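Student: Residue numbers (the numbering used here), protein chains in the order written: chain P, 1 to 402; chain W, 1 to 274.
Don't take each hint at face value.
In silico DSBU-like links for lysine-lysine, alpha-carbon gap of 35 angstroms or less [claimed, not checked]:
#1 W:K233 to P:K42
#2 W:K160 to P:K289
#3 W:K233 to W:K5
#4 P:K289 to P:K265
#5 P:K373 to P:K289
#6 P:K265 to P:K117
#7 W:K201 to P:K150
#8 W:K11 to W:K263
#9 P:K83 to P:K227
#10 W:K231 to W:K267
#11 P:K265 to P:K230
#12 P:K42 to W:K128
#13 P:K378 to P:K355
#14 P:K373 to P:K163
#15 W:K201 to P:K42
#16 W:K10 to W:K128
#17 W:K254 to P:K150
#18 W:K5 to W:K201
#19 W:K201 to W:K160
#20 W:K263 to W:K201
#21 W:K10 to W:K263
#22 W:K201 to W:K267
#23 W:K214 to W:K233
#24 P:K117 to W:K5
#25 W:K201 to W:K214
#26 W:K160 to W:K180
#27 W:K201 to P:K163
#28 P:K289 to W:K128
#29 P:K373 to P:K265
#30 W:K11 to W:K201
#31 P:K42 to W:K160
#32 P:K117 to W:K214
#33 P:K289 to W:K201
#34 W:K180 to W:K5
#35 W:K231 to P:K117
#36 W:K10 to P:K42
#37 W:K201 to P:K117
#38 P:K230 to P:K378
No lab work stands behind these hints, which were simulated from the structure alone.
Predicted model, so just to flag it, every value in this text is computed and none were measured.
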Amino acid sequence: MINTTVSLNRGTYKQPNIFGYYGNYGGAYIPEMLHRNVEELKARYLEIMYEPAFQQEFQDLLRDYVGRPTPLFYAKRLSEQYKTRIYLKREDLNHTGAHKINNAIGQVLLAQRLGKKRIIAETGAGQHGVATATVCALMGLECIVYMGIKDIERQAPNVARMKMLGATVVPAESGSQTLKDATNEAIRDWINNPENTHYIIGSVVGPHPYPDMVARFQSVISEETRKQLKEHTGSELPDYVMACVGGGSNAAGAFYHFLDELSVKLVAVEAAGHGVNSGMSAATTQLGKPGVLHGSKSLVMQTADGQVVEPHSISAGLDYPGIGPLHAHLFESGRGIFLSATDDEALEAAFELSKLEGIIPALETSHALAALKQMTFKPTDTVVICLSGRGDKDLATYMKSI
Amino acid sequence: MSRIKELFSKKASRVLNVYCTAGYPQLESTLTIMRALQSAGADIIELGMPYSDPLADGPVIQASGLHALENGMTIAVLFEQLRNFRSSFTPSVQGTPLEGDAGGDEAISIPVILMGYMNPVLQYGFEKFCADAAAVGIDGLILPDLPQHEFETEYGAIIKEYGLDFIFLVTPETSDARIKELDALSSGFLYAVSSSSTTGKDKDFGAVEAYLQKLQGLHLTNPVLVGFGIKDKQTFDAACRHANGAIIGTAYIKALEGAEDIKVATKAFLNGIV
Numbered sequence: 001m002i003n004t005t006v007s008l009n010r011g012t013y014k015q016p017n018i019f020g021y022y023g024n025y026g027g028a029y030i031p032e033m034l035h036r037n038v039e040e041l042k043a044r045y046l047e048i049m050y051e052p053a054f055q056q057e058f059q060d061l062l063r064d065y066v067g068r069p070t071p072l073f074y075a076k077r078l079s080e081q082y083k084t085r086i087y088l089k090r091e092d093l094n095h096t097g098a099h100k101i102n103n104a105i106g107q108v109l110l111a112q113r114l115g116k117k118r119i120i121a122e123t124g125a126g127q128h129g130v131a132t133a134t135v136c137a138l139m140g141l142e143c144i145v146y147m148g149i150k151d152i153e154r155q156a157p158n159v160a161r162m163k164m165l166g167a168t169v170v171p172a173e174s175g176s177q178t179l180k181d182a183t184n185e186a187i188r189d190w191i192n193n194p195e196n197t198h199y200i201i202g203s204v205v206g207p208h209p210y211p212d213m214v215a216r217f218q219s220v221i222s223e224e225t226r227k228q229l230k231e232h233t234g235s236e237l238p239d240y241v242m243a244c245v246g247g248g249s250n251a252a253g254a255f256y257h258f259l260d261e262l263s264v265k266l267v268a269v270e271a272a273g274h275g276v277n278s279g280m281s282a283a284t285t286q287l288g289k290p291g292v293l294h295g296s297k298s299l300v301m302q303t304a305d306g307q308v309v310e311p312h313s314i315s316a317g318l319d320y321p322g323i324g325p326l327h328a329h330l331f332e333s334g335r336g337i338f339l340s341a342t343d344d345e346a347l348e349a350a351f352e353l354s355k356l357e358g359i360i361p362a363l364e365t366s367h368a369l370a371a372l373k374q375m376t377f378k379p380t381d382t383v384v385i386c387l388s389g390r391g392d393k394d395l396a397t398y399m400k401s402i
Numbered sequence: 001m002s003r004i005k006e007l008f009s010k011k012a013s014r015v016l017n018v019y020c021t022a023g024y025p026q027l028e029s030t031l032t033i034m035r036a037l038q039s040a041g042a043d044i045i046e047l048g049m050p051y052s053d054p055l056a057d058g059p060v061i062q063a064s065g066l067h068a069l070e071n072g073m074t075i076a077v078l079f080e081q082l083r084n085f086r087s088s089f090t091p092s093v094q095g096t097p098l099e100g101d102a103g104g105d106e107a108i109s110i111p112v113i114l115m116g117y118m119n120p121v122l123q124y125g126f127e128k129f130c131a132d133a134a135a136v137g138i139d140g141l142i143l144p145d146l147p148q149h150e151f152e153t154e155y156g157a158i159i160k161e162y163g164l165d166f167i168f169l170v171t172p173e174t175s176d177a178r179i180k181e182l183d184a185l186s187s188g189f190l191y192a193v194s195s196s197s198t199t200g201k202d203k204d205f206g207a208v209e210a211y212l213q214k215l216q217g218l219h220l221t222n223p224v225l226v227g228f229g230i231k232d233k234q235t236f237d238a239a240c241r242h243a244n245g246a247i248i249g250t251a252y253i254k255a256l257e258g259a260e261d262i263k264v265a266t267k268a269f270l271n272g273i274v
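Please take these sequences and the hints and turn them into a complete structure.
Tutor: Rendered as structure tokens:
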């Protein structure tokens with residue numbers, strides 16, 4: 001049953017109320033032009049997602065196309081370094097190289113059942129754009145991806161991938177020309193094409209039901225983690241789950257099946273950029289205030305006058321001035337531990353993992369790894385880190401540091 | 001009786017509401033434009049409060065908003081500019097008379113509505129915003145991203161407490177039942193978005209007429225003004241055939257772009273329409 005009370009009880013971490021609120025955050029702050037589409041999604045997403053035929057198709061594609069389950073890897077040398085037991089949930093081994101495809105497949109299947117023929121998406125690092133373009137190619141759907149001009153420049157390999165997959169990449173030229181503005185342009189496209197188009201939001205942001213829907217599609221990460229941990233350690237529950245957070249989709253998926261397990265500490269790592277107080281940062285929980293961005297109430301980085309500010313992170317995927325309402329609630333209620341890592345710390349962590357474990361992580365993921373230095377673990381602790389993506393797309397940035 | 005209600009009691013057809021962005025093209029243009037609109041025959045002024053992320057607006061209004069933000073426009077600055085707009089005294093900021101055209105003009109007596117997005121209003125403080133708006137003589141609000149649920153449970157009562165009208169939007173995609181609900185929650189008028197689009201898009205106006213006829217048949221409690229896609233005499237006339245009037249935004253902002261004299265440009269623009 002859907003919990004209709006706006007309360008801080010445990011159920012609301014996994015299930016917003018019927019108006020889409022997790023505690024004080026969420027809702028659907030949308031202009032009337034989007035009402036019918038969002039309302040249709042809201043009325044039908046749970047019913048469609050949990051149809052046996054849908055689940056069958058979704059699970060089959062996750063297994064045979066994406067390559068799930070992804071391994072849970074005991075990182076021996078990294079564990080020795082931090083004197084604890086660290087497991088890496090290898091979302092980087094998914095087809096297309098990141099967790100984003102879990103959600104893209106789910107939403108494309110949903111869009112098909114809603115009769116939509118045209119898919120639009122926003123992308124920051126390009127991973128969500130590539131995942132969406134990939135699934136659209138697989139299903140024979142038209143795909144348009146909005147991407148900030150700055151991101152098009154710094155994530156060139158992913159732009160090339162999307163084009164090769166047959167997607168149209170539309171540069172977002174307004175505002176700060178990054179993920180925020182790509183999202184604005186995608187929403188405007190949806191307003192102008194309400195009949196035939198489904199908008200696949202790539203993170204746990206946007207109006208209700210997007211945060212809940214995306215969290216559920218990504219929850220396969222923690223569902224598998226529990227089973228795999230049981231095999232590794234004899235217990236389904238780790239002591240810590242750590243993940244990077246921009247909008248927060250890999251973190252939502254990695255946390256999901258542990259949200260109600262209060263013994264499991266959930267660690268979300270934001271991008272501090274040049275430093276939280278440098279004026280060049282994307283650490284939304286540290287710098288943001290309650291506000292409305294992209295259709296939901298959450299924490300938003302903004303001026304005293306309520307203008308949304310341009311964040312900064314070396315990682316395009318974390319360069320976002322908001323955070324999903326679930327995470328804002330985890331932050332405010334104290335259920336989540338929110339840390340941040342700077343550009344330099346993330347770079348250092350990327351090289352450390354590469355040398356210790358032979359895994360080149362994405363810049364986004366590297367922020368979660370960088371936070372290991374800020375933690376104090378017991379030797380007996382079990383720590384799961386969501387390795388959300390691989391670093392191929394970031395080689396140009398990494399090569400500058402070699 | 002609210003100023004908007006009074007207007008519609010005297011004039012039930014061909015009501016012209018013109019949108020302009022506060023602080024555009026210059027920070028101090030706001031009052032000059034408002035006076036120019038009144039003297040050129042506008043019936044209502046919809047004053048846009050600029051925002052960094054205006055989801056419902058197309059590129060022209062968006063660009064005017066960014067321009068206004070660069071000029072230094074904020075809600076606080078706007079209320080300062082509007083402090084004396086209902087009186088005929090020389091408007092001033094902290095005792096210093098405003099320069100140029102802004103000084104020494106007639107009072108603005110037509111209804112003025114503030115249009116904007118929730119985030120800046122929340123940062124200003126929702127209740128303080130309503131109180132200050134009412135105090136300077138604003139008549140109503142359009143906040144396209146304030147949802148019905150939050151209006152009914154939280155914000156609607158505050159808006160009413162300060163005697164402000166609140167105008168909901170309806171679109172061709174809005175169901176009849178929902179149109180009636182939003183009409184019941186609105187006061188002043190109902191804003192009929194002509195087609196599913198952001199502002200400033202050209203759409204086939206023929207398809208709009210059937211929708212407007214449908215609205216007429218619903219016997220709504222509020223007058224209906226049509227917006228989005230109204231840009232000239234032809235589209236204004238078409239909208240007025242089945243509604244009480246229309247709202248022009250993008251086309252007027254375009255007319256202001258590079259205009260040498262705001263009064264002259266405004267008069268020329270409105271003369272072509274009414």
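Student: Hint by hint, which ones does the structure fall short of?
Tutor: 1, 6, 14, 24 and 36
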